[in-house]
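Trainee: Sequence:
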Amino acid sequence: MILKENNYAYIDGNNLYRGVKNSGWNIDFLRFRKWLTDKYGVTMAYYFIGLIPKEKDMYEALQKAGFTLMFKEVVYDGDKKAKGNCDTDLVLQAARDVYENSCENLILVTSDGDYASLVKFLQEKNKLKIILSPSIQEKCSILLKRTNAPITYLGDIKTKILLSNKEKTPIKDEP
1 MILKENNYAY
11 IDGNNLYRGV
21 KNSGWNIDFL
31 RFRKWLTDKY
41 GVTMAYYFIG
51 LIPKEKDMYE
61 ALQKAGFTLM
71 FKEVVYDGDK
81 KAKGNCDTDL
91 VLQAARDVYE
101 NSCENLILVT
111 SDGDYASLVK
121 FLQEKNKLKI
131 ILSPSIQEKC
141 SILLKRTNAP
151 ITYLGDIKTK
161 ILLSNKEKTP
171 IKDEP
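The UniProt record's numbering puts the last residue of the sequence shown at 175; the count rises by one with no breaks.
Derived by calculation from the structure, the hints in this document are not laboratory data.
Fair warning: there could be bad hints in the mix.
[To be verified] As a list, the in silico PhoX-like pairs of lysine-lysine whose alpha-carbon atoms are at most 25 Å apart:
(1) Lys160 / Lys139
(2) Lys56 / Lys39
(3) Lys81 / Lys139
(4) Lys4 / Lys72
(5) Lys139 / Lys120
(6) Lys21 / Lys54
(7) Lys120 / Lys145
(8) Lys127 / Lys34
(9) Lys64 / Lys145
(10) Lys83 / Lys54
(11) Lys83 / Lys139
(12) Lys145 / Lys158
(13) Lys72 / Lys56
(14) Lys127 / Lys4
(15) Lys21 / Lys127
(16) Lys39 / Lys64
(17) Lys4 / Lys125
(18) Lys4 / Lys39
(19) Lys21 / Lys4
(20) Lys64 / Lys139
[Stated by the list, open to error] Simulated restraints, written as ranges between beta carbons of each label pair:
(21) Leu92 / Gln63: 31 to 39 Å
(22) Lys80 / Asn148: 36 to 44 Å
(23) Asn148 / Arg96: 20 to 28 Å
(24) Thr159 / Lys80: 32 to 40 Å
(25) Lys160 / Glu5: 15 to 23 Å
Each residue gets a CB set at the ideal place from its N, CA and C atoms; glycine is no exception.
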């Protein structure tokens, strides 16, 4: 009998969106969620995102794809640009899950150096499986790279999770 892994993914939704968009392609969230399960044994995929009521269809599509949405109320900056600021929520949830021993290992989906302290904590606890960087290697934070954690760049596995032009998704480009 093969034992199934119980790993959790923690996704910085805005960072995922921007990293992939800046690389010139769109992600198929159904394929991405399946890939997380097949490749890393992900049983829970938290998707941290700012809550903008008019984006209800996008949120429903993400949930149907198998993501557990973790909303943060947005604030608007001087340019009326929405800011979700989900970083601390992601860190707190990850620390809580480690403390409660909810999962075997954690997969972090981000290119943001603000998570370097979380990565170091997870390494100390022997809980970090991998970082999945939405950005290309040159754009991934040096702070994450300096942790010497394993990093896979989503662009390198793009063919497995790419949204083709023939497919249509209710998930909009940007919330």
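Trainee: None of the hints should be skipped; say for each whether it holds.
Mentor: Now the hints, each set against the structure:
Proposed proximity of Lys160 and Lys139 is supported: the alpha carbons are some 21 Å apart, at most 25 Å. Only pairs whose Cα atoms come within 25 Å are accepted, and Lys56 paired with Lys39 is rejected, the gap being roughly 29 Å. For the given pair, Lys81 sits about 22 Å from Lys139 by alpha-carbon distance, which is consistent with the 25 Å threshold. This hinted pair does not check out: Lys4 and Lys72 have alpha carbons roughly 31 Å apart, beyond 25 Å.
Between Lys139 and Lys120 the CA atoms are separated by roughly 20 Å; this keeps the pair inside 25 Å, and the hint holds. Taken as a hint, the Lys21 and Lys54 pair is honoured in the structure, with Cα atoms around 21 Å apart against an allowance of 25 Å. Under the criterion of a C-alpha separation no larger than 25 Å, the hint pairing Lys120 with Lys145 is consistent with the structure, at around 11 Å. Proposed proximity of Lys127 and Lys34 is supported: the alpha carbons are some 22 Å apart, at most 25 Å.
Only pairs whose Cα atoms come within 25 Å are accepted, and Lys64 paired with Lys145 is rejected, the gap being roughly 33 Å. Only pairs whose Cα atoms come within 25 Å are accepted, and Lys83 paired with Lys54 is accepted, the gap being roughly 15 Å. A threshold of 25 Å between alpha carbons decides the hint, and for Lys83 with Lys139 the separation of about 21 Å falls inside it, so the pair holds. Between Lys145 and Lys158, the direct Cα distance comes to roughly 21 Å. Compliance with the 25 Å bound is thereby established for this hinted pair.
A C-alpha spacing of about 14 Å is found between Lys72 and Lys56, which places the hinted pair at or below 25 Å, so the restraint holds. Note on Lys127 and Lys4: the hinted pairing holds, with a Cα-Cα distance of about 17 Å set against a maximum of 25 Å. Pair hint Lys21 plus Lys127 does not hold up; C-alpha atoms about 29 Å apart against a cutoff of 25 Å. Distance hint between Lys39 and Lys64 is fulfilled; the C-alpha atoms sit about 20 Å from each other, no more than 25 Å.
A C-alpha spacing of about 21 Å is found between Lys4 and Lys125, which places the hinted pair at or below 25 Å, so the restraint holds. Distance restraint check for Lys4 and Lys39: the Cα-Cα separation of roughly 12 Å lies within the 25 Å cut-off, and the hinted pair is therefore satisfied. For the suggested pair Lys21 and Lys4, the alpha carbons sit about 33 Å apart, so the restraint of at most 25 Å is broken. The suggested pairing of Lys64 with Lys139 is violated, with an alpha-carbon distance near 30 Å, which exceeds 25 Å.
Checking the proposed 31 to 39 Å range against Leu92 and Gln63 shows it is violated: the Cβ atoms sit about 21 Å from each other. Here the CB-CB span from Lys80 to Asn148 is close to 40 Å, well matched to the stated 36 to 44 Å. A beta carbon spacing of about 25 Å between Asn148 and Arg96 agrees with the range 20 to 28 Å that was offered as a hint. Between Thr159 and Lys80 the C-beta distance comes to about 37 Å, which sits within the given range of 32 to 40 Å.
Between Lys160 and Glu5 the Cβ separation comes to about 19 Å, which falls inside the hinted range of 15 to 23 Å.
The structure fails to meet hints 2, 4, 9, 15, 19, 20, 21 from the earlier list, while all remaining hints are met.
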